[in-house]
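With the hints as extra help, turn the sequences into a complete structure.
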Amino acid sequence: MNKTLQDINRRLNSLNSLGLDVSHESKSLSDLGNRLQVLAINGIVLASKVSGDRGHSLVTLTSLISKLPNEINPILKNIRTDSMDLAKDVTNCKIRFKKFSQYSRAIDILLKGENHNSLDLKSLYSDNFTESQGLNPVISSLAKKSSIVYEIILMLLKDSDTRLFQLSHSIKTLNSLIKRIHYMNLSITIESSALKEEGKKFNGLIEKVSELMNFLEQHAKILIKDIESGFVLLEKINNRRIIV
Amino acid sequence: MKSEIIFEQDDYYWVAIGRDKHKNEGLVDTNEYLIVAGNEGFLLDPGGLEIFPEVLNEVAKYIHPKDIRGLFASHQDPDIASSLPLWVELNPDITVYTPWLWAGFLSHFAMGVELSFVGIPDNGMEQQIGSSGKSIYFVPAHYCHSSGNFSLYDPTADIFFSGDMGGALVPDMDYNLFVENFSSHIQYMEGFHKRWMPSKSALLDWVNRVRAINPSMMAPQHGSIFKGEDIERYLRWLEGLEVSVWNNESEKTNIMGEPWMKWKR
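Same order as they appear, the protein sequences are chains A and C. Per our numbering: the first sequence = residues 133 to 376. Per our numbering: the second sequence = residues 36 to 300.
By construction, these hints were calculated from the structure, which means they are not laboratory data.
Short derived list, chain C residues pointing at chain A, Cβ under 8 Å:
| id | residue |
| --- | --- |
| 1 | L84 |
| 2 | F87 |
| 3 | P88 |
| 4 | E89 |
| 5 | L91 |
| 6 | N92 |
| 7 | A95 |
| 8 | H99 |
| 9 | P100 |
| 10 | L121 |
| 11 | E124 |
| 12 | L125 |
| 13 | M146 |
| 14 | G147 |
Some chain C residues well away from chain A (every beta-carbon gap over 12 Å; in silico):
| id | residue |
| --- | --- |
| 15 | G61 |
| 16 | A138 |
| 17 | F152 |
| 18 | N158 |
| 19 | P190 |
| 20 | D193 |
| 21 | K229 |
| 22 | A247 |
| 23 | G263 |
| 24 | D265 |
| 25 | W272 |
| 26 | E277 |
| 27 | M296 |
| 28 | K297 |
| 29 | K299 |
Derived pair list, reagent style EDC-like, types lysine to aspartate or glutamate, alpha-carbon separation capped at 20 Å:
| id | chain 1 | residue 1 | chain 2 | residue 2 |
| --- | --- | --- | --- | --- |
| 30 | A | K244 | C | E85 |
| 31 | C | K56 | A | D240 |
| 32 | C | K37 | A | D240 |
| 33 | A | K135 | A | D240 |
| 34 | A | K276 | C | E149 |
| 35 | A | K276 | C | D128 |
| 36 | C | K101 | C | D46 |
| 37 | A | K226 | C | E149 |
| 38 | C | K58 | A | D240 |
Cβ coordinates follow ideal geometry from the N, Cα and C atoms, glycine included.
Spelled out as structure tokens, the structure:
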């Protein structure tokens with residue numbers, strides 16, 4: 133395999149493992165929405181025991197948080213599906229790439245005419261065949277196959293590009309949800325701190341929601357980094373010129 | 036990779052392809068055979084995906100790939116058939132003949148190419164090479180070694196393609212294409228036959244078929260080609276061979292010593 137092909141193959145491998153990494157990350161986040169919901173429901177119970185306007189505010193805030201998992205769960209599901217599809221697309225692409233590289237190698241060998249001098253070609257071909265007449269159609273036919281295979285690769289990579297955009301969009305949405313939850317958690321902190329002793333009961337909830345959101349935020353950062361390197365890989369593959 | 040004409044009569048000839056010095060060390064060496072009848076070709080056990088470029092190069096010395104009419108995969112092994120999609124994509128008019136048992140399995144090699152097969156029935160069949168009028172015959176070789184397996188007989192050339200039967204893992208790529216000294220060749224066949232061949236009764240059935248044909252040449256997919264009396268020598272050797280052997284008796288009786296029993300020790 134020549135250097136360009138090796139390079140592309142290496143990048144396809146990286147893109148493939150990237151899809152699997154993202155999928156693995158999103159799998160580890162799959163029950164996060166449910167955990168948040170349980171915390172928020174406990175918060176509603178606590179808030180309902182607080183009388184007056186502050187009680188109403190706390191019920192409203194915890195209720196809002198309890199509804200957000202309904203938004204988070206589909207996003208996490210989308211991230212998982214898109215990343216699995218990305219890995220699948222790239223695997224598919226790798227199979228076709230193998231075919232392309234074998235055709236490409238065949239052209240190299242045929243053009244070099246390796247071994248042809250060691251044989252009496254005239255005695256092997258029928259009278260109206262010469263070496264070039266015999267080989268040129270094979271070479272052009274293979275080159276055509278190679279270019280078709282390469283076009284398929286580029287087409288599949290276009291799908292990968294779309295998937296990376298979808299993933300990137302999902303994570304942006306996820307980040308804005310994280311910000312909203314952080315904001316509501318901060319509001320709960322402010323409201324409950326005004327309650328003195330009764331407000332301390334909310335400390336556990338605030339801490340756990342904060343922990344959960346920090347965890348999600350940290351993973352979202354890893355995913356964003358992965359996706360960015362995915363875009364870079366795709367661009368590099370697209371920019372390589374394959375000469376056969 | 037080398038190629039050599041092993042039979043020639045007018046515009047009808049057999050080419051043996053193999054002994055690839057440049058192949059990856061990890062790849063088992065294979066022989067591919069091309070039958071050329073006029074301007075039409077028939078390729079036997081075309082080889083694995085990894086050696087496709089080299090085999091194609093050799094084939095192109097003799098015939099344009101668009102003139103290959105048929106391709107025979109004697110059984111399902113990757114060293115025989117994993118290059119199928121590349122041949123078929125290059126020439127979609129190729130008809131692929133394979134034991135009916137393996138057609139659905141070979142489709143797993145497709146790599147996005149639409150593969151279709153003519154499934155050879157268990158009892159074998161006759162097949163013409165393109166429009167040449169020359170017939171070849173698929174001869175049952177089930178369990179030799181694959182459960183769905185065929186040899187091929189070409190009465191025009193009187194050559195019997197034996198697939199893995201008679202196969203040998205030869206020591207280097209300069210090893211002779213034809214068996215020169217049967218006794219010393221045994222060492223390269225023995226381990227291969229003992230381990231890969233699963234059924235003695237199937238071997239004996241196959242031996243009967245070869246004797247009924249009595250070909251002048253027997254061409255295996257690995258190793259060297261047998262000619263004349265060496266074929267009968269091989270058949271007699273086969274009759275006396277204990278096959279389906281895994282390890283030795285002492286290891287068979289000492290299961291506790293095997294690595295997989297570590298959990299129990």
